[in-house]
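From first to last, the protein sequence lines stand for chains G and U. Counting with numbering that gives the first Met the number 0, you get residues 0 to 271 for the letters of the first sequence. Counting with numbering that gives the first Met the number 0, you get residues 0 to 409 for the letters of the second sequence.
Wrong hints could be hidden among the right ones.
[To be verified] In silico DSBU-like links for lysine-lysine, alpha-carbon gap of 30 Å or less:
{"hint": "1", "chain 1": "U", "residue 1": "Lys41", "chain 2": "U", "residue 2": "Lys260"}
{"hint": "2", "chain 1": "U", "residue 1": "Lys405", "chain 2": "U", "residue 2": "Lys248"}
{"hint": "3", "chain 1": "U", "residue 1": "Lys326", "chain 2": "U", "residue 2": "Lys260"}
{"hint": "4", "chain 1": "U", "residue 1": "Lys41", "chain 2": "G", "residue 2": "Lys41"}
{"hint": "5", "chain 1": "U", "residue 1": "Lys325", "chain 2": "U", "residue 2": "Lys41"}
{"hint": "6", "chain 1": "G", "residue 1": "Lys46", "chain 2": "U", "residue 2": "Lys41"}
{"hint": "7", "chain 1": "U", "residue 1": "Lys260", "chain 2": "G", "residue 2": "Lys40"}
Think of the hints as simulated: they come from the structure by calculation, not from any bench. All figures in this text were calculated on a predicted structure; none of them were measured in a lab.
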Amino acid sequence: MKQSQGHNRPKKYGMVIDLDKCTGCGSCMVACMAENNVPFKKDETNKRDSITWMKVYKLTNGKPFPENDVCYLPRPCMHCEGHHGHSPCVSVCPATATDYSTDTGIVSQIYTRCFGCRYCMAACPYHARYFNWWDPVWPAGMEQMLSPDVSVRMRGIVEKCSFCFHRYQRAMDKAHLEGRHELAEDEYQTSCTQACPSGAITFGDLNNPEHKVHQMVKPDNAHGGRPQAPNAFRLLERLGTNPKVYYLSTREWVRKAGDNSIKGEGKAHAKH
Amino acid sequence: MDSALIPQGVRRCSLGKFAFFIGIVGAVLLWGVYAMLLCWLKGLNQTNMNDYYGFALWIWADLAVIALGGGAFFTGFLKYIVGKDELKNIINYAVLIGFICYSSALLILAIDIGQPLRGWFIFWHANVHSMLTEVAFCLSCYFAVLSIEYLPLVLENRQLNKVPFFHNLAHNMHEIMAVFAATGAFLSFFHQGSLGGVAGVLFGRPFSFREGAFIWPWTFFLFTWSAAAYGPCFTLALTKLIEKVTRKKLVGDKCVDLLAKISGWMIFTYIIAKIADTYYWATVTAPEGGFTLMDFYSNNPMYGIWILVLEIVIGGIIPALILITKKGRRSPFLLVTAVIFGCIGVSVNRWVMVLQVMAVPVMPFDTWAMYYPSWQEVATTILPVAYGVILVALSYRYLPIFPQEKELNY
Ligand code: SF4
Ligand code: SF4
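Could you build the full structure based on these sequences and the hints that come with them?
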């Protein structure tokens, strides 16, 4: 299409996480919280009401020693595209407080518009959305360390991973000043990507064949972005959420753990 | 002391006794108000909701009272549009219950949202693709309609009616009530449906997701149908309850029988549709997402297959069979059993469509999430019940809610 060949070609920013490389160290989680001014509570024992835009799950193959195997799975917001931008969460928000950008593929959250009905949380099967049950309070002095690029969120609204959208804005500002319309691959990278010590996370434009993410998973855009690379998969592929976070693993049980399946249907389903 | 306010020709208990009753219920109401203020001032951390349970007890209560309050629109529809004139003897009470249910639902929603002062954003920044937007618009409009339907009843109070303006206003409003009833039925069709759509469109949640027609999932139609079917059960159950409390007969048998019969046939047809929907979901929709029926009903401490049996058999088939047979309707015991089972059935349906949806793990490595409400949630859920009891008591005492009361008792 002519339009998309011109300047500002629509991007589809996405992430590829190599689960064979992830050690479960949690650096991505820490980097994310610091980067995005994510509030925390004095007591974080109840994991179901603490905010973790990036969350590392521990998976096991359920077998006894010595066949036992463990895998750590980092889960940011998947920035689902759904069907034509109808992400599970975006389509349900009654106040248009969360939006799917066809320019970047990023699912945004408009904090000042969200009124906290939590319908989007009910819609997200990945539990990537978090509600501010409390007022955000930082230990004395720590407010000084907050990032000025990211607004802090008030009690009573929902927040989630933004793919560090402020970094995109910063990079675009710089590019515009330099008279460019396009970003180089390394100009816009998320905080978690850069923090991962084992290089398990790769970030870039899935639409751009020159970007590593595209080469790693070879998304089939004619079929809802399904990965064509043999070891790549997405979480809950079958539900049609069309996520933009892909996972890689050479271990079959890990790839299988990414989706639900009914006993005995294995072969028929593997065709997809 | 207040005898001048009491409708002519009927007897009511002494003012002291009445005040004592209102005082007790009022105390419960205040407890609920206290919990409500806690939620508003301190935030939703006062609840036991969490990031797995964004929707919980309140949303269930909301859906349940709206379904049970469906008696108002459906009875109105039957009386004014279909022309079942016999129902004039119960329509006032149905409207009153509807009014209570819908005002309660709006109040609960105002407590449930995290930023109540931004509640109007749902209208201002409306996303027309969201089922919740449709709910908000239709719910508010229908509440306005119910208020208009309730107003002439208030104006018929003996003293108010002496004012010529009020008298004429009430009279004229009665004349055009069919217009409001039709509007109410139309609006109800949509918001009952969109409440069903709220769960049905969640394609990320295989427990609630349903396919459908056009933009509406099957739950859209099932919710409207079930509200029309079960709403009258609630109206009848409360009629029997108030008759028991006042030890009077307030609605004639013919009227009760007619409404029970219609409700019975509605439940009967609804439950066939519900079974078909469940079958299709269990054998086609859910397996497409990689789930079997039993994935939704095992490996957790609460949700077993019993809940499906409770909803469909005990809350559906049994009341339907009782209410469609003359014998069943004529037996006071069976009739009361059927309407109570019906109320349970529809409430269980709303429960699973809200809470079980949240409980079922979707990611294969996730676990079932269980929840129990905090006392603040319970108190704020009982608050509308107490408010409803007070409003029914006041209306019964001072307004001519039951047109047949005189003829049936004195
Ligand atoms: S992961 Fe959840 S929050 Fe993120 S886009 Fe998908 S549905 Fe929305
Ligand atoms: S909680 Fe906020 S973002 Fe989520 S659906 Fe409600 S208004 Fe929209």
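Which hint numbers does the structure go against, in order from smallest to largest?
-> 1, 5, 7
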